[in-house]
Amino acid sequence: MIEVKNLYKEFDGIQVLKGVSATFEKGKTNMIIGQSGSGKTVFLKCLLGLHTPEKGIISFDGRNYADLKTKQHRQLRQEMGMVFQGGALYDSLTVEENIMFPLKMFADKTFDEMLDRVNTVLKRVNLENVNAKFPAELSGGMQKRVSIARAIVMNPKYLFCDEPNSGLDPITATVIDNLIQEITKEYQMITVINSHDMNSVMEIGEKIIFLKDGVKAWEGSNKEIFKTENQAIVDFVYSSNLFKKVRQVYLNESK
Amino acid sequence: MNYIEHIGKYFIMLKQVFKKPQKWSVFKEMLFREIEDLGLKSLGIIVFISFFVGGVVAIQTALNVDNPFIPKYTIGFATKRSMILEFAPTFMSIILAGKVGSYISSSIGTMRVTEQIDALEVMGINSLNYLVLPKIIAALFFYPLLILLAMFLGIFGGYYAGILTGLFYSEDYIYGIQLDFNPYFIRYALIKTLIFAFVIATIPAYHGYYVKGGSLEVGRASTQAVVWTSVVIILLNYFLTQMLLG
Ligand SMILES: Nc1ncnc2c1ncn2[C@@H]1O[C@H](COP(=O)(O)OP(=O)(O)OP(=O)(O)O)[C@@H](O)[C@H]1O
Ligand SMILES: [Mg+2]
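Taken in order, these protein sequences are the chains called A and B.
Count the first sequence with this note's numbering and you get residues 1 to 255, in order.
Count the second sequence with this note's numbering and you get residues 1 to 246, in order.
Chain A with its partners taken away, still in its complex shape:
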């Protein structure tokens, strides 16, 4: 379980996170939602240790981040996988080298064993015959999938995804959402996903945390999001007419 308590983070005097608390459980797809600029990425980067919060506690299965030494941080990070908003694939390396990289760095395996593992995860994300390609030669959706493959190649306990399906067509976006949910169940990972895509929130949001003005304004599941009367989240989620109608239909049906 990841526990976050009372997290504060500011940049040059501007408070981005003002006391956010949350818990994330194993085998669940947890989602952070909120408007652009609401601090989703900052929150995730605090969890990853890329930003140091001014205040607050972050603990990974009982290991408090602030109590760890640099070396222990690095060890903890080897248990994490991250899919960055822009993919962040190493553009001087091929797809195969990208995914193999963490293995080369940390696993004591022969080349053939590593290649085997690379091909396994590539297959898992439905990519084949791209081993020798460079990231620049792939489409956006393929890059995202390679990025997911790289994130899970070390069998991480914790998986973080920053808007994994932004900029993708609806079909590919759904494929990626389902993929993330499946591997979360399969490997029993703790998965935290940033998103402002309502489709994926409805599809795979088993636990949803809504950030607004630096605080957690709402928390619940994708089932509860239809019923909630919380004005902030209703305004955010049902800002489009389509979703307003969907909500109406849902509420009528469940009556």
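Each hint can be trusted.
If the Cβ cut is set under 10 Å, some of the chain A residues that face chain B in the computed set are:
no.	residue
1	His73
2	Gln78
3	Ser147
4	Met154
5	Asp162
Restricting the straight-line Cα-Cα distance to at most 30 Å, the calculated cross-link-like pairs of lysine-lysine (DSSO-like) are:
no.	chain 1	residue 1	chain 2	residue 2
6	A	Lys71	B	Lys15
7	B	Lys19	A	Lys109
8	A	Lys104	B	Lys28
9	B	Lys19	A	Lys104
10	A	Lys104	B	Lys15
11	A	Lys55	A	Lys71
12	B	Lys19	A	Lys71
13	A	Lys157	B	Lys19
14	B	Lys9	A	Lys55
15	B	Lys28	A	Lys71
16	A	Lys212	B	Lys212
17	A	Lys69	B	Lys9
18	B	Lys41	A	Lys133
19	B	Lys20	A	Lys69
20	A	Lys71	B	Lys9
21	A	Lys104	B	Lys41
22	A	Lys244	A	Lys255
23	B	Lys23	A	Lys123
24	A	Lys109	B	Lys20
25	B	Lys212	A	Lys71
26	A	Lys109	B	Lys28
27	A	Lys133	B	Lys28
28	B	Lys28	A	Lys69
29	A	Lys71	B	Lys20
30	A	Lys69	B	Lys15
Derived by calculation from the structure, the hints in this document are not laboratory data.
Quantities reported herein were computed from a predicted structural model and do not represent experimental measurements.
Just so it is clear, CB atoms sit at the ideal spot from N, CA and C, and this is done for glycine as well.
Once you've looked at the hints, dock chain B with the ligands against the given chain A.
Leaving out everything else, chain B with the ligands in the frame of chain A:
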């Protein structure tokens, strides 16, 4: 940030750089890549420039010593001295600062703004050690060779210029370059080169690593990197010359 803060941050960066590589096989792979990118790929420009600079120095000297009381071997002697003492180590390092410096800071800077450095850190990798140490070692190993080559080619360029222009005789030139050979000067040049090589690898790395923003800032950082690398080389050259030869 003021200059003092930058200098402090630069040395803090170096402390992270000089850690034991996390995996030697990965380090070795990076090292060979850097020797190719920073060293071998600079070979062409160094060959080209040093040859012609040597030629020009010889011609200039020849044109300026038409006084019959100055012996003709002065041309060879002066070309050799200026190539060994300054043109090869300092001038070529400035060229490398431009070529390699902008490459280093823009490649690291791009990795920063596209979150590739974050991705390294998230994997538990010391990104500074992984990215910068191989560059330093590659430069320290390869640039002395480049500079020795530049010395040789510069002197040879001078010889060739004599043949082409007919301004002086080859025999005089060869006599001149053999005259008063002082091995300490070569050592002096190599010491300078090693220090400049370190500067060329680290200052642009600093500018690239700490860049914030997007591609515009990456471009700006690499301009800054080249300017500062050159300024530091010129200043260090002044002090080193005083210290080592004065
Ligand atoms: N490194 C930084 N330095 C200064 N300010 C920052 C930094 N990173 C983020 N911010 C600020 O923090 C706020 C939240 O940014 P963040 O990137 O977390 O938004 P987000 O919710 O991820 O938005 P999006 O959905 O557009 O990705 C923004 O106002 C941003 O300007
Ligand atoms: Mg974001």
